[in-house]
Amino acid sequence: MIRKTLLAGVALAAGLMAAGAAGAADLTIGFSQIGSESGWRAAETTVSKMEAEKRGIDLKIADAQQKQENQIKAIRSFIAQGVDAIFLAPVVATGWDSVLEEAKDAEIPVVLLDRTIDTKDDSLYLTAVTSDTVYEGRVAGEWLAKTVGDKDCKIVELQGTVGSSPAINRKKGFDEAIAAHSNLSIVRSQTGDFTRTKGKEVMESFIKAENGGKDICAVYAHNDDMQIGAIQAIKEAGLKPGTDILLVSIDAVPDIFKAMAEGEANATVELTPNMAGPAFDAVIAFKENGTVPPKWIQTESKLYLPDTAQAEYERRKDLGY
Amino acid sequence: MTLARPFRALPAATPQILTFALVLFANWLVFPDFFDLRLQDGRLFGSLIDVLNRGAPVAILAIGMTLVIATKGVDLSVGAVMAIAGAVAATLAADGHSLPVIVLAALAVGLACGLWNGILVAVLDIQPIIATLILMVTGRGIAQLVTEGQIVTFTHEGLIAVAGASLLGLPMPVVIAFALAGLAAALVRFTALGLLIEAIGINRTAATYAGVDSRSVLIAAYAVSGLGAAVAGLIAASDIRGADANNAGLWLELDAILAVVVGGTSLFGGRFSILLSLVGAFVIQAMNTGILLSGYPPEMNLIVKATVIVLILIVQSPAASRMKTFLRPPESRR
Chain A
120 MIRKTLLAGV ALAAGLMAAG AAGAADLTIG FSQIGSESGW RAAETTVSKM
170 EAEKRGIDLK IADAQQKQEN QIKAIRSFIA QGVDAIFLAP VVATGWDSVL
220 EEAKDAEIPV VLLDRTIDTK DDSLYLTAVT SDTVYEGRVA GEWLAKTVGD
270 KDCKIVELQG TVGSSPAINR KKGFDEAIAA HSNLSIVRSQ TGDFTRTKGK
320 EVMESFIKAE NGGKDICAVY AHNDDMQIGA IQAIKEAGLK PGTDILLVSI
370 DAVPDIFKAM AEGEANATVE LTPNMAGPAF DAVIAFKENG TVPPKWIQTE
420 SKLYLPDTAQ AEYERRKDLG Y
Chain B
29 MTLARPFRAL PAATPQILTF ALVLFANWLV FPDFFDLRLQ DGRLFGSLID
79 VLNRGAPVAI LAIGMTLVIA TKGVDLSVGA VMAIAGAVAA TLAADGHSLP
129 VIVLAALAVG LACGLWNGIL VAVLDIQPII ATLILMVTGR GIAQLVTEGQ
179 IVTFTHEGLI AVAGASLLGL PMPVVIAFAL AGLAAALVRF TALGLLIEAI
229 GINRTAATYA GVDSRSVLIA AYAVSGLGAA VAGLIAASDI RGADANNAGL
279 WLELDAILAV VVGGTSLFGG RFSILLSLVG AFVIQAMNTG ILLSGYPPEM
329 NLIVKATVIV LILIVQSPAA SRMKTFLRPP ESRR
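These protein sequence lines map, in sequence, to chains A and B.
If you number the first sequence the way my numbering does, the last residue is 440 and the count never jumps.
If you number the second sequence the way my numbering does, the last residue is 362 and the count never jumps.
The shape of chain A in the complex, shown without the other chains:
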């Protein structure tokens, strides 16, 4: 039975490959998505579908529910189906070599989305489309340095989950950006585990510890959710978020735009959910003209300010965040 299915798959694959040469419009791409563990991930899935539709690509999404074994199964099934390319958002960094070799043997290009993998053989994938999380932190830091100017500014930092790579990198980038400005200093830094509840609790204690919040000039949060918690803590302490205390965070989820539109937050750096768009373009160029893309396509980390907040909120609220 299994052998029959495989044979049918191979036959189908051969057929599809022949058809694939016809043009970009006929591309079939398999996408092994991690799951839907966060709002951002759900938005990434939604945006990927929209981008595929725009280009007339048939996108098959396999939800791995946070399990590498499911992703490996999905990749094998995509190979059997003979898709034109495979997108992979790897749940972990290691253990991909053998399955990606199978894809390579089948001459199916693999594009990594959002995260990268540890491998000695980087010919196993065509390119990786990811955000530079260090750069995100730097954008946030540079915005703050520019906004504050020459004034002294005591910053409190809400870190992500201790030891997670976005937390480490976003801290690093921010530290680099403010290092050149001696008037800026991080006076307190604690983890809020990327959640609203913890962000609020940690901010409450920061406010107590820094003279009822009067000594705090700015809050830098590693994600918007913690910042939304912090905004509530600031309000409950009788201070005005956005005015008494400057707020900058990363991710650009819809709710932070709502806060910005109400004047309660000052800036956010986008972690774009559109990783698939640049990946589609790279695959199309590769299939049509044989253009080999660079090994790393860095997505834009755009800074958003309150002036566009209302429009951005309207645009994002239905993306499934």
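I should point out that these hints are in silico values taken from the structure, not numbers from a laboratory.
Beta carbons are placed, not taken as given, at the ideal position from N, Cα and C, and that holds for glycine.
Honestly, I wouldn't trust all of these hints.
30 Å max Cα-Cα, derived DSBU-like pairs, lysine-lysine [as the list claims (entries may be wrong)]: (1) A:K192 / A:K406; (2) A:K290 / B:K333; (3) A:K421 / A:K270; (4) A:K333 / A:K354; (5) B:K333 / A:K273; (6) B:K333 / A:K291; (7) A:K436 / A:K354.
Chain B regions said to be covered by chain A (calculated; three or more residues, Cβ under 8 Å) [to be verified]: (8) 72-85; (9) 175-183; (10) 265-273; (11) 325-333.
Position chain B relative to chain A; hints supplied.
Same frame as chain A, now just chain B:
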């Protein structure tokens, strides 16, 4: 002898109260303004209030957990039930239902979860750790189904007041926690219920033969735990004005169990105190708040917490109390 008498007459609560005082003292050492209080918008404002306010959800969980543990059981599902109740409340609030509807719906969901656990344990005789593990795992999934994987936010004045309002300057969650604890403590101590729970915890078979309707009492204990989890879930959702199915109540079942243990309730069943579990919950939160105020790097959080807990458990261990008896002057030994 005259000196030793009041010392000996100290209530059984001494280690817990002393622990709480010590943790507060340590907080004062790392942060001298710890006991400062002021009024902010008609609400008391200060680190001590933070301890009570942030500790309230775990304190409420600990009430039900105490009863369950007293029957020699455990309820691992309370964190997930919090997430479900919060998700239901937030979804209804976003749809504009009135506060009584929201609260009743959340409580009904909590009660249903508690009954489910109770029936698995009491009727099907499944071990409590496994029976409640089922809901711990599936519960978060159910909550995600309710919220469709998103953080559901609301601007419902009534629901926001559940955590945002205050009574006599105390934040509402604190008032709710104390009221529920007082009610539960009165219920088990002024009726035979407490005795029945202890009897089941010590030996369920013997209690059943002695005429205790152990099945009903067990189901009731898990139902109370589920109800408490629903209240905690309402507070958690109200606090952030949204339901975060992934993170609401995450690992709080472990904090609740720890609160019960710090409160001196035996994990082997039979001996329990609801009010001391409450103290246990506030000990844990005082420690968390202290760590946040101290300014240590976040990498140290878990190490500091673990060290303090080990110290607390050593101080409360039977070996330590034997040591105390041994060190006492011989004439005051009992």
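query = Of the hints stated earlier, which fail here?
reply = none
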